[in-house]
Amino acid sequence: MIYLSGFAPFQPTPGLALWSLVIFVLFWLIMGKYAFKPIANALKKRESDIKDSLEQAALAREEMAKLNAENEQILAEAREERGKILKEAIDAKNTIVNEAKAKAKEEASRIVTSAKLEIENERKAAMISVKNEVGTLATDIAEKIIRKQLAGDNDHESFVGNLIDEIKFN
Amino acid sequence: MRRLFSFILFSMISVFMLAQGHDHDHGDGHNHDHAHDHESHAGHDHDNGETHAGHDGDHHHANYLISNPNTDCGASVSVDQNHEYDPTATAIHHISDANVYTILDAVRIPLPAILYSKDRGVEFFSTGKFEAGHHDNGAKSYNGYVLFEGNIHKLACSDKFVDGTTAVDGFGRVEVAGADGKSVERRYAVIGGKGFLLEQKTIWDGGILGGGVTSFMDLSPTKSVVSMLIVCLILFFAFRAAAKAYTKNEGQAPSGIQSFLEPVFQFIRDDVAIPFIGEKKYEKYLPLLMTIFFFILGLNLWGQIPFLGSVNVSGSLTVTMILAVLVFLITNFSGNKNYWGHIFNFPGVPWFVKLILTPVEVLGLFIKPLTLMLRLAGNITAGHIAILSFVGLIFIFGNSGTNMAGATTGTILAIPLTIFMMSIELIVAFVQAFVFTILTASYIGAATEEHH
Numbered sequence: 001m002i003y004l005s006g007f008a009p010f011q012p013t014p015g016l017a018l019w020s021l022v023i024f025v026l027f028w029l030i031m032g033k034y035a036f037k038p039i040a041n042a043l044k045k046r047e048s049d050i051k052d053s054l055e056q057a058a059l060a061r062e063e064m065a066k067l068n069a070e071n072e073q074i075l076a077e078a079r080e081e082r083g084k085i086l087k088e089a090i091d092a093k094n095t096i097v098n099e100a101k102a103k104a105k106e107e108a109s110r111i112v113t114s115a116k117l118e119i120e121n122e123r124k125a126a127m128i129s130v131k132n133e134v135g136t137l138a139t140d141i142a143e144k145i146i147r148k149q150l151a152g153d154n155d156h157e158s159f160v161g162n163l164i165d166e167i168k169f170n
Numbered sequence: 001m002r003r004l005f006s007f008i009l010f011s012m013i014s015v016f017m018l019a020q021g022h023d024h025d026h027g028d029g030h031n032h033d034h035a036h037d038h039e040s041h042a043g044h045d046h047d048n049g050e051t052h053a054g055h056d057g058d059h060h061h062a063n064y065l066i067s068n069p070n071t072d073c074g075a076s077v078s079v080d081q082n083h084e085y086d087p088t089a090t091a092i093h094h095i096s097d098a099n100v101y102t103i104l105d106a107v108r109i110p111l112p113a114i115l116y117s118k119d120r121g122v123e124f125f126s127t128g129k130f131e132a133g134h135h136d137n138g139a140k141s142y143n144g145y146v147l148f149e150g151n152i153h154k155l156a157c158s159d160k161f162v163d164g165t166t167a168v169d170g171f172g173r174v175e176v177a178g179a180d181g182k183s184v185e186r187r188y189a190v191i192g193g194k195g196f197l198l199e200q201k202t203i204w205d206g207g208i209l210g211g212g213v214t215s216f217m218d219l220s221p222t223k224s225v226v227s228m229l230i231v232c233l234i235l236f237f238a239f240r241a242a243a244k245a246y247t248k249n250e251g252q253a254p255s256g257i258q259s260f261l262e263p264v265f266q267f268i269r270d271d272v273a274i275p276f277i278g279e280k281k282y283e284k285y286l287p288l289l290m291t292i293f294f295f296i297l298g299l300n301l302w303g304q305i306p307f308l309g310s311v312n313v314s315g316s317l318t319v320t321m322i323l324a325v326l327v328f329l330i331t332n333f334s335g336n337k338n339y340w341g342h343i344f345n346f347p348g349v350p351w352f353v354k355l356i357l358t359p360v361e362v363l364g365l366f367i368k369p370l371t372l373m374l375r376l377a378g379n380i381t382a383g384h385i386a387i388l389s390f391v392g393l394i395f396i397f398g399n400s401g402t403n404m405a406g407a408t409t410g411t412i413l414a415i416p417l418t419i420f421m422m423s424i425e426l427i428v429a430f431v432q433a434f435v436f437t438i439l440t441a442s443y444i445g446a447a448t449e450e451h452h
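For the protein sequence lines, the chains are R and E, in the order given. The opening residue of the first sequence carries number 1 in this note's numbering; numbering runs sequentially from there. The opening residue of the second sequence carries number 1 in this note's numbering; numbering runs sequentially from there.
No lab work stands behind these hints: they were computed from the structure. Watch out, some of these pointers could steer you wrong.
To be verified - Pulled from the structure, derived: some chain E residues nowhere near chain R, Cβ distances all over 12 Å:
#1 D80
#2 P87
#3 L104
#4 G133
#5 C232
#6 R240
#7 Q252
#8 I305
#9 L317
#10 V360
#11 A405
#12 S423
#13 I424
#14 F434
Stated by the list, open to error - Straight line, CA to CA, 30 Å or less: simulated DSSO-like cross-link-like pairs of lysine-lysine:
#15 K194(E) - K182(E)
#16 K284(E) - K44(R)
#17 K51(R) - K244(E)
#18 K45(R) - K33(R)
#19 K160(E) - K45(R)
#20 K131(R) - K116(R)
#21 K194(E) - K51(R)
#22 K105(R) - K116(R)
#23 K44(R) - K281(E)
#24 K280(E) - K51(R)
#25 K337(E) - K281(E)
#26 K44(R) - K244(E)
#27 K129(E) - K194(E)
#28 K144(R) - K116(R)
#29 K66(R) - K84(R)
#30 K103(R) - K93(R)
#31 K280(E) - K33(R)
#32 K248(E) - K33(R)
#33 K33(R) - K118(E)
#34 K103(R) - K87(R)
#35 K118(E) - K160(E)
#36 K44(R) - K248(E)
#37 K51(R) - K284(E)
#38 K284(E) - K337(E)
#39 K337(E) - K37(R)
For each residue, glycine too, the CB sits at the ideal point set by N, CA and C.
Could you put together the complete structure from these sequences and hints?
Right under this line is the structure:
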């Protein structure tokens with residue numbers, strides 16, 4: 001303590017005491033009101049915001065997982081449905097094709113039958129017409145032969161030959 | 001590597017510059033003594049004082065020996081021819097408060113003086129009137145006041161010097177045996193070739209440290225007060241900017257000054273306030289804890305800046321005393337039934353133990369703030385003294401500037417030691433601010449703790 005007697009920094013002086021009291025108290029009040037309180041509140045708000053956001057994120061993630069599971073189920077159902085529909089479609093196609101085939105066969109056989117009938121009829125008509133033609137030809141030839149005999153014997157043979165030629169040309 | 005080298009070079013230049021400031025005194029201080037004598041004889045004439053004012057900045061005041069130290073007014077004096085560099089006095093001068101703000105012994109900013117004396121009432125003037133020179137000694141006295149080592153003192157016969165300025169030749173100190181056998185230092189201002197005793201400043205120590213209430217009181221905003229104001233303003237603008245940034249980019253990541261202050265703020269809140277005071281009550285005390293922490297930290301760091309006055313504010317017992325008293329009042333006014341119960345009537349102990357425990361607890365009430373006060377002031381002042389001692393090596397080795405080789409050796413020694421000390425002090429600045437805050441929080445926590 002004796003050594004401290006001349007030690008100015010450790011001697012409490014009234015001026016410094018009063019000034020430091022005033023400055024510190026003012027600093028405390030002003031900083032408290034205009035700096036530390038707003039900062040503390042802002043920090044608190046931000047922290048609670050972050051906490052809320054994290055909680056919400058966790059909730060969202062849960063929701064997401066649920067939705068995913070649902071989606072999966074829906075997809076599976078859809079896939080099944082698709083399979084069913086496809087199968088039905090294939091069946092329907094097969095029936096239609098088979099039916100069509102049967103109908104086509106029937107139609108074809110019907111056409112063939114009618115074609116055959118037509119051909120037979122045509123052939124018959126043609127035969128009749130050939131017969132008629134041959135008859136006419138024979139009659140013609142016979143008529144011409146008869147006419148030649150009447151005109152001369154010599155010329156029979158050449159005449160018949162001509163006639164045959166004529167027939168050939170016809 | 002290059003950075004380290006330039007840092008050491010810079011430090012070397014700086015330390016040398018600091019050394020130069022002191023060399024002047026001892027190198028050519030005595031040459032002016034006769035000139036002083038001439039001046040001082042004409043000293044009472046104010047016009048004469050004015051004409052000599054022109055070269056007051058250049059010459060330095062001599063140190064005087066006091067021949068008849070029991071005379072208050074007009075003691076005979078002689079010039080001290082063998083005045084030597086006194087490391088202790090220099091160190092104390094550098095860490096003491098002052099009525100001028102001196103930067104590097106080159107720039108002296110006068111501060112307002114507010115003085116109260118019983119016989120004259122309140123006086124208000126600028127300390128520029130003293131025309132402070134080397135060692136912050138005033139070349140003039142003003143209305144019976146002089147400036148000695150940066151501090152305003154009242155002359156014992158101040159009534160002889162009531163009107164205006166008078167030239168001061170120099171100062172002297174002498175040890176005399178006091179009434180109780182202890183040695184007492186008497187300081188003299190030499191005016192007109194005669195010594196005039198300087199009255200002690202009023203010191204609020206109750207006489208424990210050799211002080212007491214004298215006839216005058218210095219209520220001036222001193223160097224420490226100015227430093228406090230500067231530090232508070234810097235902190236206010238920094239935190240205001242941060243607080244505005246919080247409203248401006250609300251909910252966003254911190255940027256700029258926010259990201260600098262936020263971790264510290266959160267550290268005090270999460271590691272000091274909440275664990276000690278509790279989640280429920282901490283908000284009420286948070287501004288106080290933050291203010292204490294940043295006030296102390298700011299002042300600690302401000303005092304660490306070299307060449308900016310090296311102000312020892314948080315190392316001044318006056319300032320830490322005010323902080324400790326406030327903590328004491330706040331703690332005890334927040335004290336609940338449980339707290340007082342633990343002091344006066346400790347639950348669960350027999351009556352004869354209480355006879356010992358209660359006085360101890362009551363003593364503890366006062367010892368707690370007392371330790372707060374001494375710890376902070378002691379640590380910061382010790383740091384300042386350590387640095388000044390290492391710088392002082394230059395003057396001791398250099399025989400006060402007469403031995404260049406010694407001064408160079410001292411400089412080479414002083415630089416690494418000073419760098420090391422300043423690094424330590426940087427840690428101490430944070431640690432002491434933190435310790436003061438955490439202890440305050442723990443005292444408040446103990447006072448407000450609910451019964452469990």
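Here's how the hints hold up against the structure:
no. : hint              : in the structure
1   : D80               : holds, 19 Å
2   : P87               : holds, 14 Å
3   : L104              : holds, 20 Å
4   : G133              : holds, 20 Å
5   : C232              : violated, 5 Å
6   : R240              : violated, 6 Å
7   : Q252              : violated, 9 Å
8   : I305              : holds, 18 Å
9   : L317              : violated, 4 Å
10  : V360              : holds, 24 Å
11  : A405              : holds, 34 Å
12  : S423              : holds, 23 Å
13  : I424              : holds, 19 Å
14  : F434              : holds, 17 Å
15  : K194(E) - K182(E) : holds, 26 Å
16  : K284(E) - K44(R)  : holds, 14 Å
17  : K51(R) - K244(E)  : holds, 23 Å
18  : K45(R) - K33(R)   : holds, 17 Å
19  : K160(E) - K45(R)  : violated, 67 Å
20  : K131(R) - K116(R) : holds, 22 Å
21  : K194(E) - K51(R)  : violated, 78 Å
22  : K105(R) - K116(R) : holds, 16 Å
23  : K44(R) - K281(E)  : holds, 15 Å
24  : K280(E) - K51(R)  : holds, 19 Å
25  : K337(E) - K281(E) : holds, 16 Å
26  : K44(R) - K244(E)  : holds, 15 Å
27  : K129(E) - K194(E) : holds, 21 Å
28  : K144(R) - K116(R) : violated, 41 Å
29  : K66(R) - K84(R)   : holds, 27 Å
30  : K103(R) - K93(R)  : holds, 15 Å
31  : K280(E) - K33(R)  : holds, 20 Å
32  : K248(E) - K33(R)  : holds, 18 Å
33  : K33(R) - K118(E)  : violated, 40 Å
34  : K103(R) - K87(R)  : holds, 24 Å
35  : K118(E) - K160(E) : holds, 16 Å
36  : K44(R) - K248(E)  : holds, 16 Å
37  : K51(R) - K284(E)  : holds, 23 Å
38  : K284(E) - K337(E) : holds, 19 Å
39  : K337(E) - K37(R)  : holds, 29 Å
Checked against the numbered hints listed earlier, the structure breaks hints 5, 6, 7, 9, 19, 21, 28 and 33; every other hint is satisfied.
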